[in-house]
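Sequence order for the protein chains is C and P. Under my numbering, the first sequence has 99 at position 99, and the numbering climbs by one with no breaks. Under my numbering, the second sequence has 178 at position 178, and the numbering climbs by one with no breaks.
Keep in mind the hints are simulated off the structure, nothing from the lab. Just so you know, not all the hints are guaranteed correct.
[To be verified] 20 Å max Cα-Cα, derived SDA-like pairs, lysine to any residue: (1) 3/P <-> 250/C; (2) 433/C <-> 60/P; (3) 3/P <-> 246/C; (4) 3/P <-> 308/C; (5) 237/C <-> 308/C; (6) 3/P <-> 175/C; (7) 144/P <-> 111/P; (8) 3/P <-> 433/C; (9) 433/C <-> 131/P; (10) 433/C <-> 6/P; (11) 3/P <-> 165/C; (12) 433/C <-> 2/P; (13) 3/P <-> 254/C; (14) 172/C <-> 6/P; (15) 172/C <-> 60/P; (16) 144/P <-> 66/C.
[As the list claims (entries may be wrong)] Per the computed footprint, the stretches of chain P lying under chain C, defined by three or more beta-carbons under 8 Å from a beta-carbon of chain C, are: (17) 61-72; (18) 79-85.
[To be verified] Looking from chain P toward chain C, a few residues come up when the C-beta cut is under 7 Å (computed): (19) 5; (20) 14; (21) 15; (22) 28; (23) 30; (24) 32; (25) 54; (26) 76; (27) 89; (28) 96; (29) 99; (30) 111; (31) 112; (32) 115; (33) 116; (34) 146.
Using N, Cα and C, we set each Cβ at its ideal position, and we do this for glycine too.
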Amino acid sequence: MSAAVPVVPVDSPPSDIAMAERVAADQSTRRPVLLFFHSAVVWLVIGSLFGLVASLKFQFPDWLAGQAALTFGRVRTVHLNAVAYGWAGMSLIGLAVWMIPRLVRAPLYRPGLAVAAAWGWNLWLVLGLSAVLLGYTDGLEWLEIPYPIDAVVVIAGGLMASSVLVTVARRKTKHFYVSVWYVLAAMVWFPIIFATANLPIFGGVEQAAVNWWYGHNALGLFITPLALAAAYYFIPKVLGRPIQSYSLSLVGFWALAFFYSLNGIHHLIGGPLPTWLITTSITASVMMVIPVAATAVNFHTTMVGRFGALQYSPSLRFVVAGSMIYTAVSLQGSVEALRGFNRIVHFTQYTVGHAHLGVYGFASLILFGALYFIVPRLVDWEWPSGRLIRWHFWLALAGVVIYVASLVAGGWLEGRAMLDGARPFMDAVNVTKPYLVGRTVGGALMLGANVIFAYHYWLAVRRRGKRRLEPAWSDRLSRPVIAGVLA
Amino acid sequence: MNKYLSIFAGALGTVAFAFLVLVLVPRVQLSGVAAPSALAPWADSTLAGREAYVSLGCFYCHSQQVRAPGFGSDQARGWGRASFPEDYAYDRPHQLGTMRTGPDLMNIGVRQPSRGWHLAHLYQPRAMTPGSVMPSFAFLFRVKERAEMGDEILNLPPGVGPAGRVVVAAPQARALVSYLVSLKHEYPAGPAAISAAGGANP
């Protein structure tokens, strides 16, 4: 494989050397990254299908009532694990493996380790989700996969981390770009929180605290830092200008590290745990405004005056939409943690809406944008169809907006009904029903978007269609403009 | 290497601090909580039912935590006294839950002690609670021509279930109902129980 790396004379211009290094970096990561992406796309389709079935069960509660494997409690669990660990987890890791060698200007150390990690990660999910369907579960949200099976992913994660960490140790750069900070930290954080939370030594309310310390950090210390690493990489990359403020990005990093890790117990507000513990998490949740504002200001000031580029770069369009939703969903989360607000929305569908705004609106949109950028560089083939990309974008956006708006409104009404002790409990159920139909509609659009993306991804990696000279999105540009650019 | 180490150390430090605050300190604080003498450990029959509850994912829609007066309507709904850490002394895995798509079940055995109601409700929730969105758990039941010795037969409203045949509960359904009707946390607990006992936890 290394034979294909272009050799450039040492006295070449710096841009030629940098280009050659990027090509070499991509060649070292091609195999593992594509394997992670192929797997992630399959898990995305499986996971969103299970999600739609779970949502439809609210409209048709007698549907699929014949088998234990298809009961709501198991279908929902497969949905969450498949999209969170299969789609988001595997595509984020693929992304990290692809970014790191480019950012530290050193080829990936032993790509075979990362390939083995991808197979291990898939094995973990296949075994774990089969176990869940058969009724074997640890019975803790976000930690359902039985802990003996979790040993597989611990080994896979270890292989992956060693490959990336050695790559960074062999770096040619003195400087660490902020994306490297986020990736390295996530690689330290995830194994620690995952292994700790799976220790079979906790019980009772103490286990509830560990459960949510982990549950929130799976988002806060794994999905979020890796998705932010991608946004920090692609926004400047596509625009061709540096991020506005280096120091602001570090403020965002350290504030996130410190505050996000303490957020978890806001999932248990009002519960039978020590009050100081819950208050600590509420305080940390409010303090999340600092890293979120730092990141939002940094992205926005980098984008200002260049929003026109959104029209021509699908990567930028997805990544910027995801970054804006990051700001929105984080601020929503801070408000949601306040006792007065939480009193209404806790235990309702509002929380489910919030979770989807985070994992789909923020993380998944950024991931889609990242894949639109990376895949053509790995398979040496442009995305075949600009139209499919546009359909994907608008369906995904419309789907998540309808989904979240339905559950925010429905959850609020549900909470108000539940809060009034004079109203029968069934009022809270009945008032939510039309909004649950809205959720199914939004979910169906998201599934449609995901299937279009998966189909297009398959076309691209199989190199279908005619070889394009320019990216598909530039269908939009008039021919003279392209001619002008190429000249 | 310095910057590499500082990222490493910083990441380790923050997560270790969070672990200390949110996991370790509560663990130490709660280690002094003893199981109330009035709270019995799970019996074999109820434990099997609890396993079914966990395995079927009931906790995704039902909480098991009653909130204190002034925080929500739990008291007004008659869901029982506020819950305390000692109420969960035997619970592994914990089933506190984060959703109330259905009502809280901390004291469901007090509110609804009838096995017959629970069996019929699991078989067809809408037969007992019109408008319910709870899934039917028909797979926990068997339809037979006639009942046999030891069968627990469902008493279903007219028009529900197969005509001319009987519906009986499979072992998992019976265990699940035994667990549900055992959920009663009425003994005194929390600071009130401690002061009633003269300062010591009985």
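Okay, the hints, checked on the actual structure:
{"no.": "1", "hint": "3/P <-> 250/C", "in the structure": "13 Å, holds"}
{"no.": "2", "hint": "433/C <-> 60/P", "in the structure": "18 Å, holds"}
{"no.": "3", "hint": "3/P <-> 246/C", "in the structure": "15 Å, holds"}
{"no.": "4", "hint": "3/P <-> 308/C", "in the structure": "37 Å, violated"}
{"no.": "5", "hint": "237/C <-> 308/C", "in the structure": "15 Å, holds"}
{"no.": "6", "hint": "3/P <-> 175/C", "in the structure": "9 Å, holds"}
{"no.": "7", "hint": "144/P <-> 111/P", "in the structure": "31 Å, violated"}
{"no.": "8", "hint": "3/P <-> 433/C", "in the structure": "54 Å, violated"}
{"no.": "9", "hint": "433/C <-> 131/P", "in the structure": "10 Å, holds"}
{"no.": "10", "hint": "433/C <-> 6/P", "in the structure": "51 Å, violated"}
{"no.": "11", "hint": "3/P <-> 165/C", "in the structure": "13 Å, holds"}
{"no.": "12", "hint": "433/C <-> 2/P", "in the structure": "57 Å, violated"}
{"no.": "13", "hint": "3/P <-> 254/C", "in the structure": "14 Å, holds"}
{"no.": "14", "hint": "172/C <-> 6/P", "in the structure": "18 Å, holds"}
{"no.": "15", "hint": "172/C <-> 60/P", "in the structure": "49 Å, violated"}
{"no.": "16", "hint": "144/P <-> 66/C", "in the structure": "16 Å, holds"}
{"no.": "17", "hint": "61-72", "in the structure": "holds (count 7)"}
{"no.": "18", "hint": "79-85", "in the structure": "holds (count 4)"}
{"no.": "19", "hint": "5", "in the structure": "11 Å, violated"}
{"no.": "20", "hint": "14", "in the structure": "4 Å, holds"}
{"no.": "21", "hint": "15", "in the structure": "5 Å, holds"}
{"no.": "22", "hint": "28", "in the structure": "10 Å, violated"}
{"no.": "23", "hint": "30", "in the structure": "5 Å, holds"}
{"no.": "24", "hint": "32", "in the structure": "12 Å, violated"}
{"no.": "25", "hint": "54", "in the structure": "4 Å, holds"}
{"no.": "26", "hint": "76", "in the structure": "3 Å, holds"}
{"no.": "27", "hint": "89", "in the structure": "6 Å, holds"}
{"no.": "28", "hint": "96", "in the structure": "5 Å, holds"}
{"no.": "29", "hint": "99", "in the structure": "6 Å, holds"}
{"no.": "30", "hint": "111", "in the structure": "11 Å, violated"}
{"no.": "31", "hint": "112", "in the structure": "13 Å, violated"}
{"no.": "32", "hint": "115", "in the structure": "21 Å, violated"}
{"no.": "33", "hint": "116", "in the structure": "20 Å, violated"}
{"no.": "34", "hint": "146", "in the structure": "23 Å, violated"}
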